[in-house]
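Chain by chain, the residues:
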Amino acid sequence: MDNILELNHLSVSFHTAQGEVEAVRNVSLTLKKGEVLALVGESGCGKSVLCKSVMKLLPPNAFVKNGSIVAAGEDITQFSEERMRCLRGTRFSMVFQDPMLSLNPTIPIGKQIMEMICLHRKVGRQTARQQALQLLYLVGLEEPEQRFSLQPHYFSGGMRQRCVLAIALAAQPQMLFADEPTTALDVTMQAQIIDLLRDIQKKLQLSIVFISHDLGVVARIANRVAIMYAGKIVEIGTAEDIFYDPRHPYTWGLLRALPSFVPRGGRLHNIPGMPPSLLHPPQGDAFAVRNAYAMKIDYEKMPPFYKISDTHSAATWLLDARAPYIRRPELLHGESRESIG
Amino acid sequence: MLRYIGKKIGIFVIFMGLLSMFVFILARLAPGDPLLSFYGEGVERMSTEEHLAARQRLGLDETLPVQYIRWVDNAVHGDFGISYKYKQPASVILMALLGNTLLLGTVAYVSVFVLAVLLAVFCTLYEDTWVDRIICKMGTIVYYLPPFWLGLLLILLFSVNLHWLPSGGAYDTGRSNDLLNRLQHMILPLMVMVTSHLWYYTYMIRNKLLDEVRRDYVLLAKAKGMSGYSIVWHHCLRNVAPSITSIMAISITHILSGTYVVEAVFAYPGIGALSIESAKYHDYNLLMLVVLITGALVILSSLLAQTINECLDPRMRSEGDSIWQKMKTL
Ligand SMILES: Nc1ncnc2c1ncn2[C@@H]1O[C@H](COP(=O)(O)OP(=O)(O)OP(=O)(O)O)[C@@H](O)[C@H]1O
Ligand SMILES: [Mg+2]
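Going down the list, the protein sequences come from chains A and B. Residue numbers for the first sequence follow the numbering used here, beginning at 14 and rising by one. Residue numbers for the second sequence follow the numbering used here, beginning at -18 and rising by one.
Don't read these hints as lab results, they were simulated from the structure. Ideal Cβ positions, reconstructed from N, Cα and C, are used throughout, including at glycine. Hints should not be assumed to be uniformly reliable.
Counterexamples of contact, computed for chain B against chain A with all Cβ distances above 10 Å [stated by the list, open to error]:
#, residue
1, VAL(-6)
2, PHE3
3, LEU45
4, GLY155
5, ARG163
6, SER208
Restricting the straight-line Cα-Cα distance to at most 20 Å, the calculated cross-link-like pairs of lysine to any residue (SDA-like) are [to be verified]:
#, chain 1, residue 1, chain 2, residue 2
7, A, LYS124, B, LEU218
8, B, LYS189, A, LEU114
9, A, LYS124, B, ALA222
10, A, LYS124, A, GLN164
11, A, LYS69, B, SER208
12, A, LYS124, B, VAL199
13, A, LYS69, A, VAL83
14, A, LYS124, B, HIS215
15, A, LYS69, B, LEU218
16, A, LYS69, B, LEU106
17, A, LYS69, B, TYR107
18, A, LYS124, B, TRP214
19, A, LYS69, B, GLY206
20, A, LYS124, B, GLY209
21, A, LYS135, B, SER208
22, A, LYS124, B, SER208
23, A, LYS69, B, LYS189
All chains should be built: construct the whole structure from the sequences, respecting the hints.
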């Protein structure tokens, strides 16, 4: 089995008092074994909802409207809560955005890890303790023995995120959803955690879905990148495809908004405007109103996916044979080009 | 720390002093003759001289301030006078009945909170289902059912009609050490106390738990593969334990006052029933003692509640300190 996760035309919505919020719209993607897929997009575009819908961690007002989720060859779309409980932690687990909030403040770190081990494996307390210590070594927590029975508030954000990672890895999951694991941390900490995640991924041959709204962070870790906008994937390809040959105007915008990609003395770009509300998403291309290159058809009809290469496709009318040729704005310059890779 | 304890003791002493003065005066202002409870019907046949002499013997002929000071002087030395009705030291009478009240109160208190926590966990897991809604509404419904009415209803059903349970008392005569017999007598009073207090506390604990299950760590626990039940039981309940403790501390007086009402309905020989009786018979010394004991319980429990809440107050919470370390900083 090559694909550890397959999403086929997945749509997830929320029932709210205002109406149906279409948070994820017709998303298809695959995650291969041992691969890091980055999911990139602005806040509110449905990245977290996408991951949580795979693990069925969404609140009760959410529902899978359409499509299927296949994890390790098994269609889990209709799985009951009981069956999901056995898969959570072993087939997939998750690292959340804010390590300050995702640990229970009153329970010692070690116990929170042991809890996970005991839940999924029939081991004694001593073995579980030993394994939990090994995990803490693995995630690079210093002096794990001394810190084993401390509550989370003795730990810095970076240390807590390492502990959360240890919990996520405790039952040897096949895939890991890392939902903006570094957003709440300072820059040096971010780099450390990303490197750690990459090392662990290599060591354990883990498959990771890495969520971020920062392409700069993604460049350090991802094999493949999916760009999301307003609940849809608009461009997907290998890291090289996305960074060296982006085709969607939204990807251009994201790249131009990166500080490190701006030429010396150049101005930092912003994508003008706001993402549309997912309550009543526009019928055409959701990005059209913010797109300087938008054509009439963008407002009327959703663009299909155009295949650029075997690994690379994008959903924009600009790729249609009938569209006028548009020269892509300069994105990458001199030294910053070398920093990718 | 010492200053803190000193302050609390000071509050306690001042409160008890004021209470005793207040009750002392109020009891003697009420119309009626205390001699009636001491000598019974015989009082009516007494001559004026005999009457005066009797008053003198009981120390009732002096002015109020003198009587009060004498009472305080004796009380400080452990002598609370004799009960006019029972012709025994008031403290002996009280001690005999205090145990009954404390037993009933404690059992009621523990059962209310054990059940409240269990129901609250249940409601949290089944949030917004019809069961949850009914349990939450119960508080409002029960609020309109007076406990004495409920008590009479239960007596009618279980004692009069079904003959399952005794209608009153704390034990059958001569079986005061028979625990089973005592429990039988406690069932109906307990039912009234639990039904009238349970829902409110369930609702409060449920709301605390619902705040807790919205927090992020619950999502992580769920992502670990834990069941909803064990998340609430092992994670959330532990985190709301401080709030439950402070609710429990505040509720001591509330449940104690419930005991008094229930004792009256079920003729349960406790200090609740005793206080009504002693007020009725102008049994001054006994009344004083009952009121003071009740007052002491009330103020002690509210001081306890205050202390607990102060320790749990986030403004006083420095990270990682134990409660004792926190108290030292006060
Ligand atoms: N419980 C909910 N009820 C209704 N709508 C929701 C709910 N949770 C999320 N949404 C909607 O789903 C959309 C996607 O949210 P999501 O959390 O996936 O965004 P995100 O891409 O992870 O953003 P961020 O970078 O801020 O984490 C949002 O527009 C939001 O309005
Ligand atoms: Mg998110």
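Now for the hints, and whether the structure bears them out:
1. VAL(-6): Check passes; 38 Å lies beyond 10 Å.
2. PHE3: The claim holds: PHE3 (chain B) sits with its nearest Cβ about 45 Å from chain A, beyond 10 Å.
3. LEU45: For LEU45 (chain B), whose nearest Cβ neighbour in chain A is about 56 Å away, the distance exceeds 10 Å, so it holds.
4. GLY155: Holds, because the least Cβ-Cβ distance between GLY155 (chain B) and chain A comes to about 52 Å, which exceeds 10 Å.
5. ARG163: holds, 39 Å
6. SER208: violated, 6 Å
7. A:LYS124 x B:LEU218: Holds, at about 16 Å.
8. B:LYS189 x A:LEU114: Given pair LYS189 (chain B), LEU114 (chain A) holds - Cα atoms ~18 Å apart, limit 20 Å.
9. A:LYS124 x B:ALA222: This hinted pair holds, its Cα atoms lying about 19 Å apart.
10. A:LYS124 x A:GLN164: holds, 10 Å
11. A:LYS69 x B:SER208: Since the Cα atoms of LYS69 (chain A) and SER208 (chain B) sit roughly 13 Å apart, the hinted pair holds (cutoff 20 Å).
12. A:LYS124 x B:VAL199: Between LYS124 (chain A) and VAL199 (chain B) the Cα gap is close to 15 Å, so the pair holds against 20 Å.
13. A:LYS69 x A:VAL83: holds, 13 Å
14. A:LYS124 x B:HIS215: holds, 12 Å
15. A:LYS69 x B:LEU218: violated, 24 Å
16. A:LYS69 x B:LEU106: Judged against 20 Å, a Cα distance of about 17 Å means the pair holds.
17. A:LYS69 x B:TYR107: holds, 18 Å
18. A:LYS124 x B:TRP214: OK: LYS124 (chain A) and TRP214 (chain B) at ~15 Å, within 20 Å.
19. A:LYS69 x B:GLY206: holds, 11 Å
20. A:LYS124 x B:GLY209: holds, 18 Å
21. A:LYS135 x B:SER208: Holds, at roughly 17 Å.
22. A:LYS124 x B:SER208: holds, 17 Å
23. A:LYS69 x B:LYS189: Violated. LYS69 (chain A) to LYS189 (chain B) sits at ~25 Å, over the 20 Å cutoff.
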